[in-house]
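**Q** So the protein lines, in turn, are chains A and B.
Quick note on numbering: the first sequence equals residues -6 to 461 in the working numbering.
Quick note on numbering: the second sequence equals residues 86 to 453 in the working numbering.
Derived from the structure by calculation, the hints contain no laboratory data.
Source: prediction; values computed, not measured.
We treat Cβ as the ideally placed atom computed from N, Cα and C, and that holds for glycine.
Treat the hints with care, as some may be off.
Stated by the list, open to error - To give a feel for the contact side, a few chain A residues facing chain B, derived at Cβ under 8 Å:
| # | residue |
| --- | --- |
| 1 | Ile32 |
| 2 | His36 |
| 3 | Phe40 |
| 4 | Asp254 |
| 5 | Tyr290 |
| 6 | Trp292 |
To be verified - Simulated coverage check for chain A against chain B, where a stretch passes if three residues somewhere in it have a Cβ under 8 Å from a Cβ of chain B:
| # | region |
| --- | --- |
| 7 | 49 to 57 |
| 8 | 182 to 195 |
| 9 | 256 to 270 |
| 10 | 375 to 382 |
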Amino acid sequence: MCPEAAEEPSVFKSRVGLFWLKKTETMQDEKVDGDYGLIINGHSLAFALEKNLRLELLRTACMCQTVICCRVTPLQKAQVVQLVKKYKQAVTLAIGDGANDVSMIKVAHIGVGISGQEGMQAVLSSDFSFAQFRYLQRLLLVHGRWSYIRMCKFLGYFFYKNFTFTLVQFWYAFFCGFSAQTVYEDWFITFYNMVYTALPVLGMCLFDQDVNDRWSLYHPQLYAPGQKNQYFNKKAFVNCVMHSCYSSLILFFIPWASMHDTVRDDGKEIADYQSFALLAQTCLLIVVYTQLCLDTYYWTAVNHFFVWGSMVAYFSITLTMCSNGMFYMFTSSFPFIGTTRNSLNQPNVWLTIFLTFLLCILPVVAFRFIFIQLRPTINDKVRYKMRTEELPVPAPRRLRRRHSTRSGYAFSHSQGYGDLVTSRKFLMKRSTKRAPLFTQTDSSIFQNQPQHYRTIAEEAEESQGHSP
Amino acid sequence: MMASSYSAKDEDGHITVSGPGGGTLRNKKPENTAFKQQRLPAWQPILTAGTVLPAFFIIGLIFIPIGIGLYVTSNNIKEFEIDYTGDDTSSPCYNCAKNFSWNNTKSCTCTIPFQLDQPYESNVFMYYGLSNFYQNHRRYVKSRDDSQLNGNIDSLKKPSKECEPYASIDNKPIAPCGAIANSMFNDTLTLFYNDPNGTSVPIPLTSTGIAWWTDKHVKFRNPVGTNSNLTAVFQGTVKPVNWHRPVYELDTDPENNGFINEDFIVWMRTAALPTFRKLYRIIQKKNTMAPTLPRGNYTLVVDYNYPVRSFEGRKRMILSTISWMGGKNPFLGIAYITVGSVCFFLGVVLLVIHHKYGNRNNSANISN
C-alpha cells in the first residue's frame, strides 16, 4: 500500500481544547497509492485490537477506502469505534439497527439507530433514529449541515451582540469617572436580551437554510466545512470580538461627538444623560437588528414577524415607559418621562442614528462582498447557482416490496461465540502462548462440517473445551 | 432482549397494531406540512454586485450634500464663549475665585468686558458651561427623589434613602433632597451693552421657557397644601446645605418658584458628559429691524458663588444662536462628508474588484 512508509505508526502527542488543556495522542494519516479495502473478521480482530497491534490496525485501516469487520461481537464494534475516536481526533458516527449495535452506538459521538426489523433497542440508546438506512444521507447532508450552520451563526451573533452591548458601557466608563454608571437605561438593560433581541435570533436559528435540501444532496461537498470546523472556531471567535470592538467604538463615540456640548433646535437641553442613553440604545438596537438581517439567509414570514415585531416592540415599550401615565403610577421606576418626546423629534438625533448605523454595517457588507468576489466558497457558488438554475430532480427511489410481520429472530448455524464473549480474558491479558485455533486446516464451510473452536484463553482452561 | 411487541413497520413508517378492537393505523411520521418539513416559502437574498454597488454609490451621493448642508449650517451659527473661572491672575474673577469661602455672606462680583464682532440676529441663547464636572457619576445620578419633586407630600416629609447623606439635617427633611439639588449652580450672570454714548444698557434676559415642557408641567410639581402660600407648604423642611436661599424663595414669580423653578429644573436634568452647557437665559428678539445683539462692546457681570477650583473645573458663559440642527457642532457635517466620500471611493474599488474577479462565482467552477 505504501512502500516508503515507516515501520511503526507515528503517533504524536499534543494538546487541544479551548485553553490547550486536554492532552491527546493523534496518529497521522499516511499517503497511499491506490484504493484498498480491508476485510477482517471477529477472531482476527480480537488479535488486532490488542495493545501492541491496534495502532497498526488503525494505520492500515485508515489507508483503506473501506473497512469491513464482519462477525464481530458488540464489544469489538465498540472497541473499533473507540480506537478511531482516541487516535484520530475525529468525530465518529455509528449506525445500527440491532441490540448488538447498542454499545457501538453509545461509544460513538453520534449514534444513529434504525427502528425496524430488529426491534427498538438501537433506537432507545441512540441520538437520532429513523426507519431506513438510506435516510442517513439526509440526516448528514441536509439536517446535520443546517444544524451546524445555525448553531455557528447563533453563537457568533450572540457573542457579537453581547460584547457590543457591554463594550459601549466600558467606553463610557472613561467619561463618567469610572463610577460604573450605565450608559443605557435600566429597563433597556433588563429587556435587551429577554425581549428585544430574543425572538429574532430564535427565528434565525430555527428556520435558516443557506442552501435548499435538494441542492445540499446534489452537492455533498457542502458538508466539508462542518467536518473541518470552519464556521466557529478560535479564529472566528476572535473575529467576532474584533468586530464587536469596532462596533462598540462607533456606537459610543459617534453619539458622543455629536452630542458633545450640543443643544436642541429650540435651545433647550439635548446632551443630558437620559437623551444620551436613549440615543445610544436606539443606535445599538438598530445596528444589532441590521446585523441579524445580514446574517439571516432565509427569510420566512416568521422571521419577518420576529424582526419587525421586535423593533416595533422596542419603540412602543420605550414610548410607554417615557409616558406621563407610567410616571404617575410608578414615579421612581420610570424617571425617563418625556425623553422620547423631546429627543426623538430632533433631526440631529436621527442623523446621528443613521450615521452610526451605516458606519457599522457598511464595512461588514463590503467585507462580505469582497470575499464573495475574490474567494468564493462552495456555499457562495451554490447559492448563486440556486438563483439561476432549476432544482435538480431527486434520484428515483427503488421501491422494495418487502413487508414483514416479524419483529426479530435469531438463529445460528454453528455454536456461536458465546465462549469468545464470556471468556473475558482476551484483550486484557497478554497471552504469551496460545493454543492453535483451528484443528482442521480446511475451511469447514466447504466441507459442511462444524468448526471446532478454541477460546483464546490460557492453557489452563483448555480442559474446559466444548463440544461441537 | 428483543422487542416483544408485534408492531411491524412498513416502508413508510406506518405502524399497524392488531388488537382486540380491530386494526388501527398509528402514523409516527411527522406531518408533511411546509412548516414541519422546513419548506416554508422564503426570500433568500444574496449580496450581488447589482445590489451592493449601487447602494454604495447612492449612499455616497446622498451623504456628501447632507454633510455639506450640515457643515454650512453649523458654520453660520454664531457662538461666543467666555471662560470666567478665574484661575489666572490676569482674569477679572481671580480675586473672587481665590477668596471663595463657604461662609461668605456677601457675594463677590466680577466684571468681564468683551466684544462682539458680528451682530446676532434672532433669538440669542445664553448658557453657562461647566467642565470636569461629573454630573454622570453613578452615586450622584441616583441622589434625588422624583416623588418629592413631583409634589408628593409624604416624600416631602420623608425623602427617599437614595438622597442620603443629603436627606435630612437635625431630623428635619431637606427639600429638595439629594446631591444633585445640593450642588445647584448659583452664579448670577447679567449682560450689559455699552452703547457708543458710553452708557451701560442692561440686556433683558428671559428666565422662563428654558426647561423642557414635560419637565416643567409633568415631572416637577410643587406640593399642594391647604393654602397656596409656598412658604407654608414647605414648613418643617430645611434648605439644602449649599444653598443661600430656600427653595420657596428662588423667584418672586409664583409660576417659577419652588420645585418648578426653571433654573432648578434645568440643573436637575443631569448631563451625560463631564463637559456640558445648560441654558441659563434667553435674549428675545425685540423688533424685526434691529439685531438682537448688535456689534459692539459688552460687559458680563458675574455674581461669583459657585466654587469650581477645588476639582479643577472650569466655568464659562456662552452666547449662541440656534439653527434646525441645534447649536454649533461641525462634527456631524464633517462626518457625513467623510463617510460619503469614503463610501463612494469604496464603491469604485468594489466595482473594479467585481470587474476583474467577479467571474469566479461562475457555477462551472463547482467540482462535483
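**Q** Against this structure, judge whether each hint is valid.
**A** Now for the hints, and whether the structure bears them out:
{"no.": "1", "hint": "Ile32", "result": "29 Å, violated"}
{"no.": "2", "hint": "His36", "result": "26 Å, violated"}
{"no.": "3", "hint": "Phe40", "result": "31 Å, violated"}
{"no.": "4", "hint": "Asp254", "result": "6 Å, holds"}
{"no.": "5", "hint": "Tyr290", "result": "6 Å, holds"}
{"no.": "6", "hint": "Trp292", "result": "4 Å, holds"}
{"no.": "7", "hint": "49 to 57", "result": "violated (count 0)"}
{"no.": "8", "hint": "182 to 195", "result": "violated (count 0)"}
{"no.": "9", "hint": "256 to 270", "result": "holds (count 15)"}
{"no.": "10", "hint": "375 to 382", "result": "holds (count 8)"}
Hints 1, 2, 3, 7, 8 from the list above are not met by this structure, while the remaining hints are.
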